[in-house]
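J.: Using the hints provided, position chains A and S relative to the given structure of chain U.
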Amino acid sequence: MTIGTFILKNALRNKRRATLSILSVAVSLFLLTTLLVALRELTVPPEGEGAALRVIVRSKVSIANSLPARQRPIIERIPGVEAVSPFSWFGGQFKDEEATTFGQFAVDPRTFKKIFVEGKISPEAYQLFETDRQACIVGRITADKYKFKPGDRISLASTIYPVTLEFKIAGIYSGSVDDRNLFFNDKYLNESIGDPGEVGTWWIKVRSADDMPHVISAINHAFENTADEVRAESERAFQLSFISMMGNIKLFIGSICTVVVFTLILVAASTMSMAIRERFRELAVLKALGFRRRELFTFILAESFGLAMFGALLGVGGAYCLYTFGNIAHMTNGIFITSEVTPKILGAGFLVASSLGIISAIAPAIAVARMSVVNGLKTLD
Amino acid sequence: MALPITYNVRNVFIRWRATLATILGVALVVAVYVLIQSMAAGLEKSSQNTGDPRNVMIVRKGSTAESSSQVKREQFKLIEYLPGIALDAKGRPLVSGDVVVLITLPRRANAGEANVMLRGISPAGIALRPQVELVEGRWFTPGKREIVVSRRLAARFANFEVGGRFKTGGKELNVVGITDGHNTAFDSEIWMDADEARSVFDRENYSSVLVRSASPEAAKAIADRVESDKRLPLRAMLETEYYASQTMTAVPIRILGKFLAFAMSIGAVFAAMNTMYASVGSRTREIGTLRVLGYRRRAILVSFLIEGAFLAFLGGALGCLISLPMHGYAIGTFNMQSFSETVFQFRITPLLVVKGLVFSVIVGLVGSLLPAMRAARLPVISALKSV
Amino acid sequence: MAGENIVSIRNLSKIYLQGEINVTALHNISLDIQSGEFLTLMGPSGSGKSTLLHIIAGIDRPTGGECRVQSVDVTRLNESELADWRNQNVGFVFQTFNLIPVLTAYENVELPLLLTRLGRNQRRHQVNTALELVGLSERAHHLPRQLSGGQEQRVAIARALVTFPSLLVADEPTGNLDSQSAHDVLGLLQTLSRSGKTVIMVTHDPKAAAFGSRTIHLEKGELSN
Chain U
40 MTIGTFILKN ALRNKRRATL SILSVAVSLF LLTTLLVALR ELTVPPEGEG
90 AALRVIVRSK VSIANSLPAR QRPIIERIPG VEAVSPFSWF GGQFKDEEAT
140 TFGQFAVDPR TFKKIFVEGK ISPEAYQLFE TDRQACIVGR ITADKYKFKP
190 GDRISLASTI YPVTLEFKIA GIYSGSVDDR NLFFNDKYLN ESIGDPGEVG
240 TWWIKVRSAD DMPHVISAIN HAFENTADEV RAESERAFQL SFISMMGNIK
290 LFIGSICTVV VFTLILVAAS TMSMAIRERF RELAVLKALG FRRRELFTFI
340 LAESFGLAMF GALLGVGGAY CLYTFGNIAH MTNGIFITSE VTPKILGAGF
390 LVASSLGIIS AIAPAIAVAR MSVVNGLKTL D
Chain A
440 MALPITYNVR NVFIRWRATL ATILGVALVV AVYVLIQSMA AGLEKSSQNT
490 GDPRNVMIVR KGSTAESSSQ VKREQFKLIE YLPGIALDAK GRPLVSGDVV
540 VLITLPRRAN AGEANVMLRG ISPAGIALRP QVELVEGRWF TPGKREIVVS
590 RRLAARFANF EVGGRFKTGG KELNVVGITD GHNTAFDSEI WMDADEARSV
640 FDRENYSSVL VRSASPEAAK AIADRVESDK RLPLRAMLET EYYASQTMTA
690 VPIRILGKFL AFAMSIGAVF AAMNTMYASV GSRTREIGTL RVLGYRRRAI
740 LVSFLIEGAF LAFLGGALGC LISLPMHGYA IGTFNMQSFS ETVFQFRITP
790 LLVVKGLVFS VIVGLVGSLL PAMRAARLPV ISALKSV
Chain S
332 MAGENIVSIR NLSKIYLQGE INVTALHNIS LDIQSGEFLT LMGPSGSGKS
382 TLLHIIAGID RPTGGECRVQ SVDVTRLNES ELADWRNQNV GFVFQTFNLI
432 PVLTAYENVE LPLLLTRLGR NQRRHQVNTA LELVGLSERA HHLPRQLSGG
482 QEQRVAIARA LVTFPSLLVA DEPTGNLDSQ SAHDVLGLLQ TLSRSGKTVI
532 MVTHDPKAAA FGSRTIHLEK GELSN
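Residue numbers (the working numbering), protein chains in the order written: chain U, 40 to 420; chain A, 440 to 826; chain S, 332 to 556.
The shape of chain U in the complex, shown without the other chains (with noise of 0.2 Å):
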């Protein structure tokens, strides 16, 4: 027998108490661990291929007032700009679903092409959207979830425009960071609500990456002191602008895993002293028997460590198996499409299961410091 099989052997004398443990370390790592992903799922959109080139044009009213058709000439003419689309939001509902977990969105197919270069789609299926005005193409994920076919014909009643409107499916793209969004034509929306000549937003495509600020300062500029002053900013700004509008989420999940944290710790490390207290008996044996005190803390401090790390293993592991290899917009119901686990969040998992290890092993450590061999074995507890 070798040092180390002694612990481990004294480690799973209490077999109930060690799994115990290790199961409570596990559930509550694999509990932040999932928190993490969720916070991260949510503050940090994932970037599309495309987005690094793209700009978004809304009202500077707020992006729920609408923008004239006519400012789109007016951009186009500036130079860095390579593609203009309407981009605005429909809102629809389908069937009689309460929250409707899709975009909608009423873009121009010609230009649109260009702007959304991840989406990957068949050219007669592209054809058949830019020909036909009650055409609509439908993401991967959407199409997946209630089994659409391109043909099949689908119809969205609006809550922000009085109609409703039926879409005839050309076809399915995939490729891009959200495949859950369906684009039909502007024109068909135009027609149905007396052509107000209005768009939601404007999707912009720019030439390069150094033309992207002087666009945007141009765009802004253009409109400013006409009735319909814009704010344009960058693809990736726009969408951390979202987040932001969620206030502090951050802070809220933050705080809730600081809490899953702090419990864990307190429960987990007061669970390992107690598992250590009941067997100071052997520890003052072995004390008698010539062990120093410093090979009792490594002990001690093996024991406690092996344990959580156990626990971060499954916790941790098993959440990130779940979130890797798990189908996630499945199980979430479309709510969520991605979870990574990123590397950092791995860390964090794991330093918190080290801290447990090391803090559970600090009262015990100190007990027996102080303890007499004498004292030790009269324990009877």
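Hints in this document: simulated from the structure, not taken from any laboratory. Here the structure is a predicted model, which is why all the values come from computation and not from measurement. Using N, Cα and C, we set each Cβ at its ideal position, and we do this for glycine too. Careful: at least some of the hints might be erroneous.
Just a sample of chain S residues kept apart from chain A, beta carbon distances all over 12 Å, derived [unchecked claim]: (1) R407; (2) L413; (3) R417; (4) L442; (5) S468; (6) H514; (7) E550.
Heads up, simulated DSSO-like pairs for lysine-lysine below, C-alpha to C-alpha not over 27 Å straight-line [said to hold, decoys possible]: (8) A:K500 to U:K226; (9) U:K134 to U:K188; (10) A:K516 to A:K669; (11) A:K511 to U:K226; (12) U:K54 to U:K159; (13) A:K583 to A:K529; (14) A:K610 to A:K583; (15) U:K289 to A:K484; (16) U:K188 to U:K226; (17) A:K516 to S:K551; (18) A:K500 to A:K669; (19) A:K794 to A:K697; (20) U:K134 to A:K606; (21) U:K134 to U:K54; (22) U:K383 to U:K289; (23) U:K134 to A:K583; (24) A:K606 to A:K516; (25) U:K184 to A:K697; (26) U:K188 to U:K152; (27) A:K583 to A:K606; (28) A:K697 to A:K511; (29) U:K289 to A:K697; (30) A:K610 to A:K500; (31) A:K824 to U:K48; (32) A:K500 to U:K207; (33) A:K500 to A:K659; (34) U:K152 to U:K207; (35) A:K583 to S:K538; (36) A:K794 to U:K54; (37) U:K326 to U:K289.
Computed footprint of chain A on chain U, listed as stretches where at least three residues anywhere in the stretch have a Cβ under 8 Å from a Cβ of chain A [as the list claims (entries may be wrong)]: (38) 90 to 104; (39) 258 to 268.
T.: For chains A and S alone, coordinates are given in the frame of chain U:
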């Protein structure tokens, strides 16, 4: 026949070093549960609180919120003279057409931007909403670019104080007064003159129409009449019903709360289990003695279950206690339905406290079941012999 | 009634399994104990004296034979019946006192009475009587840790007496006491036996055995001499 409860209670306190961590653990789990549920309750309450049962809210059919609804001028005129509508002192129908616009404004302390719900409202409209009270400054003057803001929003957004001004739609608005919506949805709105709003934001149509009737029954009749009128593609319901249905944002919060409570309670159950196993382990001789004295297995089982439940209950009580200071604390969140910032308060009701305590007792019972069974099954003699 | 047999044991055996080996703790023991006796069981370690005591007290079962206490064959009672029987008929005194640490002396003595239907006043009366008998009335509200070893054991004896059982059974009652306290406790047991209680005591100490009225020796599970 049972062991006296004092036995269990005293044991929990005597073994405080071992039980403290578990009590704190349960306390934190219950606190998280209570706080999150109280957020949802606060959101729902401010919706349910809102509205006068005699008022009828009319929006476009198919829209889910005022901000995305349009009611045309002609439709407004048809509504104005419907039978059953109450009249004011001068004999004019108590009807108000509002213009609701979402505007993006900066929060205080550089905390980013958010959408604020602006309501262009007529003097009649103010009268129809007696829940809103002016607490500072004065009401806006019709014809001027003046605005009053709710007290709760004033705490959160820049320039929202009497004398403050901000720009939107290319025009500058002056803040002349502060209102208190008394814990209703109006706590999340800012108001200005309807005609001014229409001119600033270039709106032809109204967003919604609010109508006062003589009684709640008369209100129902007016709502039915509007909905069945083929000329009016509108949706009508009691104002109280309209706001009561705007609680969708509370749903994900409740789901989050239940999920978190469940997940954290697993850890708490393990903690309780461990504590109780240790308790049983250190009292085997005691248990044997009780058996010798004539106490049956079941009495031992029940005794340890009670001890575990009591232990967890202490944690639950502590958890509720540390949550209580948050009652009434105002927070804001992005409301999916109105698409704007909604302010509400944490609301800890007695029922929620009871739920928290019951939850903690269940955690204690589940956690001590196996240890209690172990205690009950101890053979008498080995219990006596144990060290 | 003094003089009658209160305990009748016939052909009592106890064999138990330790690992893979059959161990004979008791072999064919037959014994009569009269009411009012102060009987000591003596023998070396492993002689079966404690096992015999446990069977008489109803906390262990023999593998063969019978044991009648006041004409009740305790070996035929089921577990619940045994629990009730013990509560009413046996008072057990342990070497390690076994008082409940969180309960006061009064509450410890009251414990067996909580299993009866007696009302609070009746219980109080019996507890106070028992405490008086052992001379610890002023310590009624002290916790065990506030008592000396000798006082703890006397509280334990009070607890054993509180239901007025017919049998008082003691397993090495003075093993954890200093000689003065041991003397006091043994004297107390003697007094109780002289006033009519039947006392059965296991001990390895001949000086303690001297307090009894009769001594029996056990060796390797059998009665010797």
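J.: With reference to the structure, classify each hint as holding or not holding.
T.: Taking the hints in turn, this is what the structure says about them:
1. R407: holds (18 Å)
2. L413: violated (9 Å)
3. R417: violated (5 Å)
4. L442: Nearest chain A Cβ is 6 Å from L442 (chain S), so the label is violated.
5. S468: holds (21 Å)
6. H514: Consistent with the label, H514 (chain S) stays out of reach of chain A, its closest Cβ about 25 Å off (over 12 Å).
7. E550: holds (22 Å)
8. A:K500 to U:K226: Holds, at about 23 Å.
9. U:K134 to U:K188: Within the cut-off at roughly 17 Å; holds.
10. A:K516 to A:K669: holds (15 Å)
11. A:K511 to U:K226: holds (23 Å)
12. U:K54 to U:K159: The hint is violated at about 55 Å.
13. A:K583 to A:K529: holds (25 Å)
14. A:K610 to A:K583: holds (12 Å)
15. U:K289 to A:K484: This hinted pair holds, its Cα atoms lying about 25 Å apart.
16. U:K188 to U:K226: Holds, because 23 Å separates the two Cα atoms, which is no more than 27 Å.
17. A:K516 to S:K551: violated (112 Å)
18. A:K500 to A:K669: Cα-Cα ~12 Å, so holds.
19. A:K794 to A:K697: Judged against 27 Å, a Cα distance of about 12 Å means the pair holds.
20. U:K134 to A:K606: Violated. K134 (chain U) to K606 (chain A) sits at ~40 Å, over the 27 Å cutoff.
21. U:K134 to U:K54: Status violated; Cα separation ~54 Å.
22. U:K383 to U:K289: Distance ~16 Å between K383 (chain U) and K289 (chain U) Cα, so the pair holds.
23. U:K134 to A:K583: violated (45 Å)
24. A:K606 to A:K516: Violated: K606 (chain A) and K516 (chain A) sit about 32 Å apart, past 27 Å.
25. U:K184 to A:K697: holds (26 Å)
26. U:K188 to U:K152: It holds: about 21 Å lies between the C-alpha atoms, which stays within 27 Å.
27. A:K583 to A:K606: Holds, at about 14 Å.
28. A:K697 to A:K511: With Cα atoms ~44 Å apart, K697 (chain A) and K511 (chain A) exceed 27 Å; violated.
29. U:K289 to A:K697: holds (20 Å)
30. A:K610 to A:K500: violated (32 Å)
31. A:K824 to U:K48: holds (25 Å)
32. A:K500 to U:K207: Holds. K500 (chain A) to K207 (chain U) sits at ~24 Å (cutoff 27 Å).
33. A:K500 to A:K659: Cα-Cα ~17 Å, so holds.
34. U:K152 to U:K207: Status holds; Cα separation ~18 Å.
35. A:K583 to S:K538: Judged against 27 Å, a Cα distance of about 111 Å means the pair is violated.
36. A:K794 to U:K54: violated (35 Å)
37. U:K326 to U:K289: Violated, at roughly 50 Å.
38. 90 to 104: holds (count 6)
39. 258 to 268: holds (count 4)
Checked against the numbered hints above, the structure breaks hints 2, 3, 4, 12, 17, 20, 21, 23, 24, 28, 30, 35, 36, 37 and satisfies the rest.
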